[in-house]
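Asks: Here is what each chain is made of, one letter per residue.
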Amino acid sequence: MDEEDAMDLKTDVTTAQRLPAELRYADELTRLRDADNDPKPAGWALSPRAVRRFILGDPKLDVSRKFYGDDPLVDRCIVALMGHQGLMLVGEPGTAKSLLSELLAAAISGTSRLVVQGSAGVIEDHLRYGWNYALLLAEGPSERALIPSPVLTAMQNGQIARIEELTRCAPEVQDAMISLLSEKTVALPELGAASEVRAERGFNVIATANLRDLGVNEMSSALKRRFNFETVAPIADAAFEKELIAKQVRDRMAEYDMKADLPEDVLDVVVSVFRDLRTGRAADGAVVAQPKSVMSTAEAVNVAHGALLDASYLSGDAPTGAHVARQLRGVVFKDDAEDARKLRAYVDTIARARGRTSRAWAAFHKAAKDDG
Amino acid sequence: MRDEALIHRVRDRLFQPDTGLYLAPIRHHSPACAWAVRAMIRDLRPSHVMIEAPHDLAHLIPHLLDPDTVPPVAAASLLDQKDGPRLAAYYPFCAHSPEWIALREGAAIGAEVRFIDLGSDAKMQGRDDDQKGPQSLVQEQAFDSGDYIRALSDRLGCRDGFELWDHLFETRLGDPDWRGFLQDVGTYCAALRASTPSDQFDVTNDDAREAHMAACLRDVLADGAGPVVCVIGGFHAAALLEPVTTAGKTRAGGKSDAASYLIRYGYKDMDALMGYGAGLPQPAYYQSLWDHADARGQAPDWQAFAHDLTQEFAHKMRGDGHGISVPAQVEMLRSAETLARLRGRPGALRYDLFDGLTSALLKGEDSGSDVWRERFTEYLRGHALGDVSDAAGQPPIVADAMARARAHRFDVSDGRRRERSLDIRRKLAHLAASRFAHAMAVLDSGFATRSGGPDFQNAKQTDLLFERWEYAWSPRVEGQLIEAAVHGDTVPAACLAKLFADRQALAKDGRADDLPALLTMFKRGLLAGLGTELTGFLTEIEGAISRSADFADTAKAMVTLHGIEASRGPLSLPDGLDITSVMQQAFARMIYLCDDLPNMRDDAIQPCLDALRLVSELMRGFEGDDLDKTLFDDALDRAALADPAPELLGAITAIAVDAGRKPDHTLPDLLKAQLNGSAPDLPTRLAGLRGVLAISPSLLWTVDGVLDALDEFLNGVTDDGFLELLPHLRLALSALSPREADLVAAALTRRHGGSASSYTAHFHDVDASEAALGAKVDAELRAGLMADGLDGWIIGGGA
Chain A
2 MDEEDAMDLK TDVTTAQRLP AELRYADELT RLRDADNDPK PAGWALSPRA VRRFILGDPK
62 LDVSRKFYGD DPLVDRCIVA LMGHQGLMLV GEPGTAKSLL SELLAAAISG TSRLVVQGSA
122 GVIEDHLRYG WNYALLLAEG PSERALIPSP VLTAMQNGQI ARIEELTRCA PEVQDAMISL
182 LSEKTVALPE LGAASEVRAE RGFNVIATAN LRDLGVNEMS SALKRRFNFE TVAPIADAAF
242 EKELIAKQVR DRMAEYDMKA DLPEDVLDVV VSVFRDLRTG RAADGAVVAQ PKSVMSTAEA
302 VNVAHGALLD ASYLSGDAPT GAHVARQLRG VVFKDDAEDA RKLRAYVDTI ARARGRTSRA
362 WAAFHKAAKD DG
Chain B
4 MRDEALIHRV RDRLFQPDTG LYLAPIRHHS PACAWAVRAM IRDLRPSHVM IEAPHDLAHL
64 IPHLLDPDTV PPVAAASLLD QKDGPRLAAY YPFCAHSPEW IALREGAAIG AEVRFIDLGS
124 DAKMQGRDDD QKGPQSLVQE QAFDSGDYIR ALSDRLGCRD GFELWDHLFE TRLGDPDWRG
184 FLQDVGTYCA ALRASTPSDQ FDVTNDDARE AHMAACLRDV LADGAGPVVC VIGGFHAAAL
244 LEPVTTAGKT RAGGKSDAAS YLIRYGYKDM DALMGYGAGL PQPAYYQSLW DHADARGQAP
304 DWQAFAHDLT QEFAHKMRGD GHGISVPAQV EMLRSAETLA RLRGRPGALR YDLFDGLTSA
364 LLKGEDSGSD VWRERFTEYL RGHALGDVSD AAGQPPIVAD AMARARAHRF DVSDGRRRER
424 SLDIRRKLAH LAASRFAHAM AVLDSGFATR SGGPDFQNAK QTDLLFERWE YAWSPRVEGQ
484 LIEAAVHGDT VPAACLAKLF ADRQALAKDG RADDLPALLT MFKRGLLAGL GTELTGFLTE
544 IEGAISRSAD FADTAKAMVT LHGIEASRGP LSLPDGLDIT SVMQQAFARM IYLCDDLPNM
604 RDDAIQPCLD ALRLVSELMR GFEGDDLDKT LFDDALDRAA LADPAPELLG AITAIAVDAG
664 RKPDHTLPDL LKAQLNGSAP DLPTRLAGLR GVLAISPSLL WTVDGVLDAL DEFLNGVTDD
724 GFLELLPHLR LALSALSPRE ADLVAAALTR RHGGSASSYT AHFHDVDASE AALGAKVDAE
784 LRAGLMADGL DGWIIGGGA
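Chains as they are written, first to last, in my numbering: chain A, 2 to 373; chain B, 4 to 802.
Note that these hints are calculated values from the structure, not bench results. Treat the hints loosely; a few may be bogus.
Computed list of lysine-lysine pairs in DSS-like fashion (alpha-carbon distance at most 30 Å, straight line) [unchecked claim]:
| no. | chain 1 | residue 1 | chain 2 | residue 2 |
| --- | --- | --- | --- | --- |
| 1 | B | K366 | A | K41 |
| 2 | A | K67 | B | K366 |
| 3 | A | K225 | B | K366 |
| 4 | B | K319 | A | K225 |
| 5 | B | K366 | A | K185 |
Derived DEER-like restraints, expressed as beta-carbon distance ranges [stated by the list, open to error]:
| no. | chain 1 | residue 1 | chain 2 | residue 2 | range |
| --- | --- | --- | --- | --- | --- |
| 6 | B | G324 | A | R34 | 47 to 55 Å |
| 7 | A | R226 | B | T542 | 44 to 52 Å |
| 8 | A | M259 | B | A510 | 29 to 37 Å |
| 9 | A | R226 | B | G300 | 36 to 44 Å |
| 10 | B | P200 | A | D63 | 30 to 38 Å |
We put the beta carbon where it would ideally sit given N, CA and C, even for glycine.
If we strip away everything but chain B, and leave its shape as in the complex, we get (with noise of 0.2 Å):
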């Protein structure tokens, strides 16, 4: 069978003491593969070291082999494309990774290291476009699916090609024999490679990467050096078995159309990586055991490893708040470690942790998403952070900020604090500065604050002219620029990208349709500049806005949506940006949902009366085409007959007879009724003037009866009954400014007979006795207050 002879060649051909050629067959950032890795390079002590990683990453070699350099780090790569979006893809090495072991080795024994991938460019001109989120430049999907692996995963009762990589590989970590362990990798992946169908190797440019990787091992075993390790991912090394007679030519060393530099990478990215198919998952597992195994010089004692994980595991736990109780623990221990040996292996591995803390931590029904596995999962992913040396440079975004900042005349040649007024509405260049500030501020890179000026996020000021920002450059800037440097290489590149990985982050807290956060979102993009390029954002707007079933919150969107259509100022939309449509989407929406006006729960009303304020509002003003205003009015006509809430009612009301779609009585003869209803509670015989208060408060006094209706209601109470009125009635009027409120004032006393000024307080009229006692009472106060200590508390002239 030819499948079989290919698996039988690799394993009989992986070293070759005849050409001096020696294939480390690995899977990336596994610890039993770097372990081999690593006693492999001792022991033969090659002249040369070949790794599969994109040749354009070699200038970075000194940079990895720097001590400053601590993993877990990354060479990112970023790729301008002339149609389409620029790529990003990173390359993370960790401490246990084999390619980061055979560097350091390969350095510390003087032999030569070289990257003999494709370059990074064609790797990822080579993915397929529709990708999302990181792209990592390692790929090896064959190890977690396909036909042998789910066949030899039933055969050995593993549930997938992790638990039945672990239990084949990692449980053999620390094993001296490296030939064995690196041929049985090497079978194990040729047999993965012999049931790969066709039509999936060129999904990676497989050929044309191996042709390129076999030409460069030609070239070095021509020269004769000595023998030479070549650590690549085991499923290419079938195809490297004869470089010697590859026609393939290699392309001139380090060319690539993609900048490439090291950035200090996290557990956190790399595995999110591992989502695209890179590697072993949850890097903080694989990195103690590594550190364990490292430590002892040999197999890691899996009892002790097992005991110390969960150990630490449930001290963490307890200082977070979670108690795990000792029986629970011992119980998680056990369980793992019974169900090792009764899956045959030397002690318990990652997935048999898992069962062992969903035997003992879960009591009740699974419904797959457990808040402990998730507690374990976030465990053993880990959050380290690697460091770069100085030596590497820093990430082109610093230099890019740096100079951006210069640009617009912000002053970073020290690290003071200074004070910025930038003219936003009148000067381009000032407006440019603006947007740079909002777009650092994105980034959370803490290098500009806004003191002062319009609030364009909170809609308040925004007429106003100049805004204030504080500034300073200072390290903290840059390290958060590194941070930063994950999502790319420019400022506004990673402005743009941060947005996006933000709206990731809030659909992965289950607020997907957050409308009021993705509308922030999109107006600090829009504030930061990023005017077209937020097109896709705004596509997801449009989806939220479709799928919402808040009336508040897809009102103010809308409103949200036509002031910005309609701003002029910084929000302004680029040429090519339409909001229009997604703004009518908001509308059509808004509408559907107004049917639920009437089915509100209390503590939805508010927001439904402030949303009713803004859009009546803009309603009242509004002269396009582009709303159907008589849509909005058949809506709210409709929720009124079907029994809204008091003030929801009051507030439709409102709107109509504001409008003049209803005559001006409707208005006292809707608040009479409830006023003098016969609700027991009088305090919610007002919830109709909140209601109408909330739409506009002027109609208060502009239509004839409203007044008149309170007055009389009041007029009506006891004593008692106003009491327990006023905190409500006050709240009611807390709507109305204080000229309005003066005018009510004067409205009501004139209805009295008299002026406002007459129901003014005054006391003139004291007589000696009186006088004298305030006299008396104002010096025992005083010295009583001195007695005390409180003399700092006595205002006014001494007595």
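With the rest of the complex left out, here is chain A (with noise of 0.2 Å):
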């Protein structure tokens, strides 16, 4: 079934840049489906702990682990899907929030592909049906002419329709989404009085929202209402976190013919940089002023990953903190002069008293001092 809709897509598995989750990791949905004993709710590909071992991992049937963090989260999640309210996805850019949403996705449907990336561009239709003009000019209203949104695709389907960034979405847009998630009903008016598209069974909806970005859209308390809400927050625990980037550059570079890691002192600069500057506490409990541009794991899985290109490709030596350093303004540091100040701060106090006694750390001071 996963080949005959990637031929439907036209997704080829060889050469795209990034394939679905349910492409991506068919061996192992496979084997879980082929080890599931448990009950599943109608609809549903997976049993719920299926679903679960399916993000958290599970030795025995060699799945490996894809959300990091929050356990009870991730239950919480298959739970709110399978009731009555969508769940939504809210937190910090870059903790991972869309790829939890494609995981569930892919887990209980068999595809995360019914999307609708929000934005201010997007219209009612979008999120219910469209036409294809010429067809509707030719042949009047026909189910033929019309197109559907993911989301009523999803509803006939009895799967799980995504909305990112349901709250870029204008305020009548996401105003659809009130009756949609309520009466799990669409009406189709131009095909006849009586005609319209009840949801079956398996259907829900996972919204993923930024509430505290610039330009996003307040939402009502109506819509509110009828979402769970789960906020996934940026990973706790340093050395799990300098594990996970460490895990994540070497797979992004096993896209490259080179082989190459990051050594252990330039990793922990990348770690601490992040985390002293997202948290505004270094690790000995200095104060440190937090600039407002994201500093979440992924965007540090990309310095690093710049850093060892850099290294690798452009300079042709082994990565240092200087790497670190470079990468960092660029990469995090788009064009703020306040937080550019921040970080000279950072690096003036915090990174300074740190480079008398490593050489990463002087590495990262000197380049970050030479930039600025």
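Make one complex out of these two single chains by using the hints.
Replies: What follows is the structure in structure tokens.
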């Protein structure tokens, strides 16, 4: 079934930059399905426990862990999707909200591709249905001329629809979600008075949203009531975050022909810089001015990856703290003067002090100074 | 493997028909363990029930068994140390504690109940001295941390030791197979013990305690009286398997350096004690779980239990004005139940309920301290308060308070309300009595209320010689003192502990650095005669000052501290309490905060004016070298240059002129500039004057030109303008005393020629027709009032 879908959507499994979760982890899903003896809710491809194992890993079935951090949150997400409420994932950027939404949809419905990418340009049609206007003019309203939205398709098939960045949609578009989630029905008046699509069992919605960024729209309380909210937080454990960054950098580097690894002390610099600036407190308790820029684990992986590429392809030597410093500005501190000032203060105090005892920090300090 | 062998040995040897020893490894305050212990005792009908509790608490057993004693109660132990503070520790019992069940069940079948742990003195002395807050005589940190707990939690999908415990054991509440249950607890605890690093053992004298317990068991087994049931923290089971071969010695029963007694205890205190590693938290939850299972006589109906619990919670919340919609309540229950099924549990446990609540009620981003979770935590914690039988005697604090009251010649022979006047400045005995009355007030005992005399808290009439009190000894006073017994067993000790508890409550409220509140508490402590005991409190004040960001609070704190330092009456400092350095720190901090004066919000200006007046008054008369006046002057000059609000500029200029640092004409120049400025809103032009008057009203007539400036301005405004100004003018001039107002009035009328009395209105020329009209109006008015039944309103002679 996965292969068929892939054909339909013209995804070339061999060259696509990033495959959807159900193709990336097709083997794992198959193993889980074969070993799944627990009861399944109607319309679900896997049992809730198998969904949990898919996301949190199961060494016995050689299923990898894909989401790190808060296990009870994953439980709550799965249980929310079994109910009548939609699931709303909120939290800072870069905390893997979209990844979690994709994994849940892939495991529960077998597809994570019924997505509406929220933006200011989204209109109600993107949540309900549109028309193939050539056919509409030629034949009048007909099922053939109707183009269902991903949400409508999910309703017809009893699958999970995903709406990314819901708060970026205009309030009136968000409002369309209210009746959709409570009635679970879309009327198609153009096809006749009685024409409607009623959601098959298994249908639900996972939305992700950013509540604090600039340019987002406030959600109405009516809409909020129709969702269970889950906050995805940055990873709390430093050692674990370090391990995760190392793993993700290794995975990314596997795409290149070059064998390279970040030395331990350089990795420490990346993790510390990000954690110190994110939390506003250094490991030794010193207060650090927090920048507005997003200091997520995902950005840390970008910096580490960039530093490794820089060292391997450009400067051709072993990666050092200097490579990290050079990446940091471009990847994280885009063009905010105030953030640059805060980074300078961090470099002048914390990084400098650490540079006295660590070569990686010394290199980081020197490069950051030169750059600034 | 050694560890594996130990684990098997524990499992096999918990119950020893050959020796007659039956060990019941438990977790404190666990309903499931309590259930198993009850079944075990009813089944075995032992001759002895041995409980892991300090042996010196044994004299409380009869009181614990008294039907009038209702849990939660606690045995409180107090220990005086030669060097260092007095130690207090508690051994709480609630109705679902395995120890409580063992006590009552053991007594019910006629078994002899004994406490077999080391004395509470030994347990207290073994504790970490740095630990603040209440101590627990019950310890089991190992249940919540360690590699074994982490690894097992990971494997079973539990987030911590508490969830793991509930998942593995509380789900088995009501299991009739007590052997299987206790063997599993024993196995679990043996594994915990095997994975605990050896350096963590001695923290609580584990070796000595286990040797003592083993020796107690050996002695009783030697009598060969019958089965012996021993209820112990699961962690220790492994050490008590072969007590007969133990070499240890028991300490003479009941002897201890600590004094102990039984007190009423509350779920709130119990839950706080859990924070120090004893038992399960949120006792109301486990109590209702226990009650539910107990009423059924078997395992709980988990669904009904979760349903009732969420229903009661929602009902309570609605009563408190925090509505939970029915769909949200249904979603909470559905989520909790489904999560429990997903996690392989018979029903929703505590964490599942919390997860359900999170899913259903949190709308928006979770900051980690959500109000719903707090409310639910509070609900599951509960408020129950136990009762102690009268026979248990009163806690020492009641007797102590009574003795002190008599010693200070308060009449407590009956409950009548009496008055007493105390000559606090001349008679030492009266001062001591006053201190006692203040201390009783700190404890909220309701014993005495101050009805007159100096008010040191608000610095009012502090020169009065006599302090008047109304007092009465009543059962309510005793009740309040028993509540206060958790703080200590003498009035001063409890008073000190109460102040620290209040301080902690303040911090919990997010007001850790509330200087006025801290200083009020400090003064209460001084008035209560706590003296040098307050050193620690002073350190806290010092910390709050160093963090203070509020100019007015810091300045007032500085002035208050100075006032205390200079005080010679009841507030006077004892030798050894150094307040000068703290005052200097407050001064330095205030100087630093002076630079914020130009950026004050409107609503912060008045407190700043008050503070500036207090500081300038202090500086005016100050002659010591503790504080460097020039630093204050420089700071004010800096602030004046940075364009502060007009009120503050007026105040700062007034301070400089008053101190002679600036020429007199600066003041009228400033006021003229403000009064004759172009601010369209007339009242705002008075701001500078308000500032000047707030500092020193006398500047109005002692500095040439100030009054002239004001008079000229007023002469220039229109009648409408004057009416607009009038309320503001009155407000500004309210700083003047009546005598000062007369002075100003006289000065003003002199300027305009004449005297103040010439402006007073008197009417003497009334002709006959006017008088007749007046009489007519008077008569009509009276008739009207009488007709309305308002005769009472008429004053003065009849018509």
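Asks: For each hint, tell me whether it holds in the structure or not.
Replies: Hints and how they fare:
1. Between K366/B and K41/A the CA atoms are separated by roughly 28 Å; this keeps the pair inside 30 Å, and the hint holds.
2. Our distance criterion of 30 Å between C-alpha atoms is met by K67/A and K366/B, whose separation comes to about 26 Å.
3. The hinted pair formed by K225/A and K366/B meets the criterion: a straight-line CA distance of about 6 Å does not exceed 30 Å.
4. Proximity of K319/B to K225/A is assessed by CA-CA distance (about 24 Å); at most 30 Å being required, the pair is judged to hold.
5. At most 30 Å may separate the alpha-carbon atoms for a hinted pair to count; K366/B and K185/A meet this at roughly 21 Å.
6. Range check, G324/B to R34/A: about 50 Å between beta-carbon atoms, so the 47 to 55 Å window is met.
7. Distance hint for R226/A and T542/B: a CB-CB separation of about 50 Å, consistent with the stated range 44 to 52 Å.
8. At roughly 55 Å, the beta-carbon separation of M259/A and A510/B lies outside the given 29 to 37 Å, and the hint is violated.
9. Checked against the given bound of 36 to 44 Å, the beta carbons of R226/A and G300/B, roughly 42 Å apart, stay inside it.
10. Separated by about 34 Å at the C-beta atoms, P200/B and D63/A satisfy the suggested range of 30 to 38 Å.
The structure is inconsistent with hint 8 alone, although it conforms to all the rest.
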